[in-house]
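With chain Y's structure known, arrange chain V on it following the hints.
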Amino acid sequence: MTLADNAAQSRANEHQTKRPSRLFKNMTAKVASIPMVLTALVVFVGCTAWTITYSFTNSRLLPRLEFVGWDQYDRLWSTRRWLISIENLAIFGICSLILSFVIGFTLAALLDRKIRGEAVFRTIFLYPFALSFIVTGLVWQWILNPDFGIQQVVRDWGWESFVFDPLNNADIVIFGILIAGIWQGSGFIMVIMLAGLRGIDEDIWKAARVDGIPTWKTYVLVIIPMMRPVFVTALVIITSGIIKVYDLVVAQTSGGPGIASEVPAKYVIEKMFQSQNLAQGFAASTMMLLSVLVVLIPWAYLEFGGKKRG
Amino acid sequence: MKSFKALLGATAFVSASAAYGADLEVTHWWTSGGEAAAVAEFAKAFNEKTDHNWVDGAIAGSGGTARPIIISRILGGDPMGATQLNHGRQAEELIEAGLLLDLTDVAEAQGWRDIVFPSSLLDACTYEGRIYCAPVNIHSWQWMWLSHKAFEDAGQDVPSNWDEFVAAAPALSDAGKIPLAMGQQPWQSAGAFGVMSVAIAGLDAWRAVTVDKNAEVAAGPEYAKVFQAAADAREMAANSNVQDWNQATNLVITGQAGAQIMGDWAQGEFQVAGQTAGEDYTCLPGLGVNELLDTAGDAFYFPKQDNADVEAAQKELAALLLSPEVQVAFNLKKGSLPVRGDIDMSSANACMQKGLEILASGNVLPSGDMNLSPDTQGQIEDLMVEFWNDPSYSAADAQAAYADIIANAD
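From first to last, the protein sequence lines are chains Y and V. Just so you know, UniProt numbering puts 260 at position 260 of the first sequence, and the rest follows in order with no gaps. Just so you know, UniProt numbering puts 124 at position 124 of the second sequence, and the rest follows in order with no gaps.
Chain Y extracted, bound-state conformation:
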């Protein structure tokens, strides 16, 4: 311990005598991060720039640089399917954000009350997360199928006029997909929340009890504000899941009935590969990126910009 300290001390002295520039400070760390920096620049920034550039061309199956201005975006925003996709994403996003948080936190809080068999319940709730979206989608497609799912079972019990066919009704189909999404994802959110709750100091609970604050009030006014980092983590995970939702829709409805359950990611992939119109797909994916930035930039500003001032 002392040896290491000494060594560090002598190295620091050496540095001081040579007065090295800031650039060479922490050299090893900087060298080690070069691959990641390159990846970030080339893969993320580079490919994003490439995609945006080509979204202004008339590329079909293969990318080619013949610029057509805003044509692809004009077409995109006058396409009914895209507008429906955006609307669906908004409904799906808002509902699944709220429901995942409410359900996830409630389950976590209930498990945190030191109930018997916690491990069993935790496993059951987390289990759906082990399934892929495709499997989840297929299972829920069967459950919600009017001919052999819930609707038929209830009718067999004697309630002949019972109707529950979200996947075949264009007006509510997105909620059919929402059910599957929540079922799959809320267990995972619960686990994150539970980890956050376990991180709360036992003394806080004792202090709250001494002051006679009711349990629910302790949760809402004390515990939740303390769990802010956990909530931010959960928020990022849920939101990224929402924006890229694709496989669930493909497995459950493939966008149907009609185009009532289309989502933006599906539009992108189908325009790029099925319709062989790369530029249109790029325009759509650029809009998706833009929508993420619209959410992300104000949040990042509040989160990081605020701290500096404070």
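Everything labelled a hint here was simulated from the structure, so no lab data went into it. These figures come from a predicted structure and were not determined experimentally. Built from N, CA and C at the ideal position, the CB exists for glycine as well. Wrong hints could be hidden among the right ones.
[What the hints assert, rightly or not] Cβ pair distances, simulated, as ranges: (1) Y/62 x V/309: 22 to 30 Å; (2) Y/32 x V/304: 47 to 55 Å; (3) Y/120 x V/44: 51 to 59 Å; (4) V/51 x Y/62: 29 to 37 Å; (5) V/221 x Y/40: 57 to 65 Å; (6) Y/150 x V/400: 38 to 46 Å; (7) Y/64 x V/23: 32 to 40 Å; (8) Y/269 x V/343: 40 to 48 Å; (9) Y/269 x V/224: 33 to 41 Å; (10) V/400 x Y/157: 42 to 50 Å; (11) Y/232 x V/400: 42 to 50 Å.
Relative to chain Y, chain V alone:
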């Protein structure tokens, strides 16, 4: 001397390994019962008649699912030995980019120009005078399949054209049947609409819209009739909750549905179910109104490979696909029509005979795949699948949207 012997041995070894043959991965999307049986004929012929080996790369799902996978594999530098595609404009840019093998020498050696009938099939494989694909069958969309059992149960005669079918539809509904079975995938909606437009608007109007992309005709009175008919058909198909085309065909086979508008590939399903044309089911080309068939079809493309052995195997396969025996064996199982007019199809059933007659009399149309780019077709599919599934979408609105797509078609 010794080294000479060794050299001889080495040469023998090299030539032996060259003759040994290559594994050729063949991707396709023929996965329903009838289709799988048909493609097995290709595999059998290829394994038995050549030294090469057929590695089956079936991709589940329809062409819509498989095509993106196939194309991204070719573009991504992981080309398969051969692949099914619908010939026409789908592969245009792959050819331009030089990713597909030129088959012109095979075609010339085998005399494809003379044997392929109708010759438009080969034209669709030709790009700037070179041939890039081997057509294997003719598929036409213009068929309606009717279940005898369903009409008997409803106490109706089996209709002989679209108007009679429309008239019989209420009786079918009363008997608890679905008058018209429709799968809900976009290509099925668009395809059924295409069939109705040829039958109802007539050949001239259809040609003006599809070939010449005349938006005025698309917005005109002939097409208004088509959209009205499609709106009627939408009501008849309202209770058909299936996705895949073969599930819809199955509704017709089991007599739960009266009819289905579907291409002749549906025939294979009736055959697998052991049904007889004319007794258990009836087929009406051109909805019984305009007996015209389009000549779309499947073709095999051969992505370029660096390996000369593989290239030789690819060319052997291309020649084999069009050989008379293979054509007969494949098309009988598939329910499609052969690409050559000079072979004996007398063992084909009544429906296929009807098709062959129409083909021989020259009542053929170029297919949508050959005229419209995948992009335009994608837009039409989006429109049609919405129209077929949303009863509040009026025929007039849909027609306006359709005319708009045609006006912007390339």
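Results of checking the hints against the structure:
1. Y/62 x V/309: 22 to 30 Å: Check passed, 29 Å falls within 22 to 30 Å.
2. Y/32 x V/304: 47 to 55 Å: violated, 42 Å
3. Y/120 x V/44: 51 to 59 Å: For residue 120 of chain Y and residue 44 of chain V the Cβ distance comes to about 54 Å; the hint holds.
4. V/51 x Y/62: 29 to 37 Å: holds, 35 Å
5. V/221 x Y/40: 57 to 65 Å: Cβ of residue 221 of chain V to Cβ of residue 40 of chain Y: about 60 Å, so the range 57 to 65 Å holds.
6. Y/150 x V/400: 38 to 46 Å: The hint (38 to 46 Å, Cβ to Cβ) holds, given that residue 150 of chain Y and residue 400 of chain V are roughly 39 Å apart.
7. Y/64 x V/23: 32 to 40 Å: Hint holds: Cβ distance 35 Å, inside 32 to 40 Å.
8. Y/269 x V/343: 40 to 48 Å: holds, 41 Å
9. Y/269 x V/224: 33 to 41 Å: holds, 35 Å
10. V/400 x Y/157: 42 to 50 Å: holds, 47 Å
11. Y/232 x V/400: 42 to 50 Å: With Cβ atoms ~48 Å apart, the hint holds.
In terms of the numbered hints stated before, the structure departs from hint 2 and from no other.
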